[in-house]
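My request is simple: use the sequences and hints to build the entire structure.
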Amino acid sequence: MTARIGVVTFPGTLDDRDTQRAVRVAGAEAVPLWHRDKDLKQVDAVVLPGGFSYGDYLRAGAISRFSPVMGSIIEQARAGMPVLGICNGFQVLTEAHLLPGAMLRNTDLHFVCRDQKLRVETSGTAWTADYAAGQEISIPLKNIDGRYTADEHVLDELEAEGRVVFRYAVEGEAADGYGNPNGSLRDIAGITNAAGNVVGLMPHPEHAVESLIGTGRTDGLGFFTSVLKKLVDA
Amino acid sequence: MARVVVDVMLKPEILDPQGQAVQRALPRLGFDGISDVRQGKRFELEVDGPVDDAALARIRELAETFLANTVIEDFNVKVES
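Here the protein sequences come in this chain order: A and B. This note's numbering numbers the first residue of the first sequence as 6 and each following residue consecutively. This note's numbering numbers the first residue of the second sequence as 14 and each following residue consecutively.
Hints were generated in silico from the structure; no laboratory data involved. A portion of the hints provided could be inaccurate.
[Stated by the list, open to error] Derived DSSO-like pairs (lysine-lysine); straight-line CA-CA distance at most 30 Å:
| no. | chain 1 | residue 1 | chain 2 | residue 2 |
| --- | --- | --- | --- | --- |
| 1 | A | 147 | B | 24 |
| 2 | B | 54 | B | 24 |
| 3 | B | 24 | B | 91 |
| 4 | A | 235 | A | 147 |
| 5 | A | 234 | A | 147 |
| 6 | A | 147 | B | 54 |
Set out below in structure tokens:
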């Protein structure tokens with residue numbers, strides 16, 4: 006039996022279908038989860054996909070964070086279940102305080118949509134075991150509220166504990182997808198919790214899992230194969 | 014019925030590019046002498062019954078957990094007569 010990975014749909018979620026597909030491409034079973042259901046259908050892991058849940062009203066992720074499904078996910082995440090938040094999903098995870106910090110409007114106020122170069126900083130999470138620390142990957146980025154912010158002491162703590170998972174790779178030309186696209190502090194693109202089971206990032210691995218479509222690269226597939234391996238080994 | 018107003022502002026140390034964009038547009042519109050603009054949110058809550066200490070405490074809790082994200086924002090609660 007293969008692992009069951011839940012993909013949540015909130016009103017305004019956009020990338021749930023692509024995420025379900027990425028889960029299947031990696032070899033797991035994708036289980037749709039509905040925001041009003043407390044029932045997690047016995048999934049082994051959960052992905053919160055991107056989009057504009059509740060129209061980003063109030064703050065991105067602020068209303069979704071209080072949905073019935075999130076109550077169950079917060080409980081299971083604290084018990085160790087792997088949870089990945091992509092883009093709006095990352096915003097939901099910070100609003101739910103499963104990850105520290107907050108997301109703000111991009112410094113240049115522009116919606117950014119491009120293939121983004123990232124540096125993987127650690128393979129020590131449930132979602133990045135198939136990458137090597139220091140590896141550079143390219144996956145799509147598309148957001149306007151992507152500026153990661155946290156107190157200096159929180160940032161220092163994240164760095165000291167190896168919890169910065171991805172940084173925007175800045176040593177290259179903007180035309181090639183390098184640079185900090187949104188003003189995120191310390192070029193942070195993704196972080197994890199202390200246990201390493203909860204990961205959030207702004208760029209979109211689920212859009213880069215098949216060579217035939219999208220970027221033509223499969224740099225995002227490792228997220229889904231990493232968690233699958235962890236679940237099968239467990 | 015009483016109205017309670019909750020003002021939510023980004024903390025002073027948080028960069029506010031939207032406020033900056035507004036500020037930069039002012040000279041072009043002929044408004045000089047404004048050196049800084051910070052943009053925030055105002056919530057007007059129509060409260061059933063008396064706004065006593067207990068009701069205000071509940072509204073502060075609402076503001077802290079939902080209307081404001083205290084990682085990046087400060088809030089202020091005031092009763093309008």
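Violated hints - listed by number, lowest first: Hint check: nothing fails, all pass.
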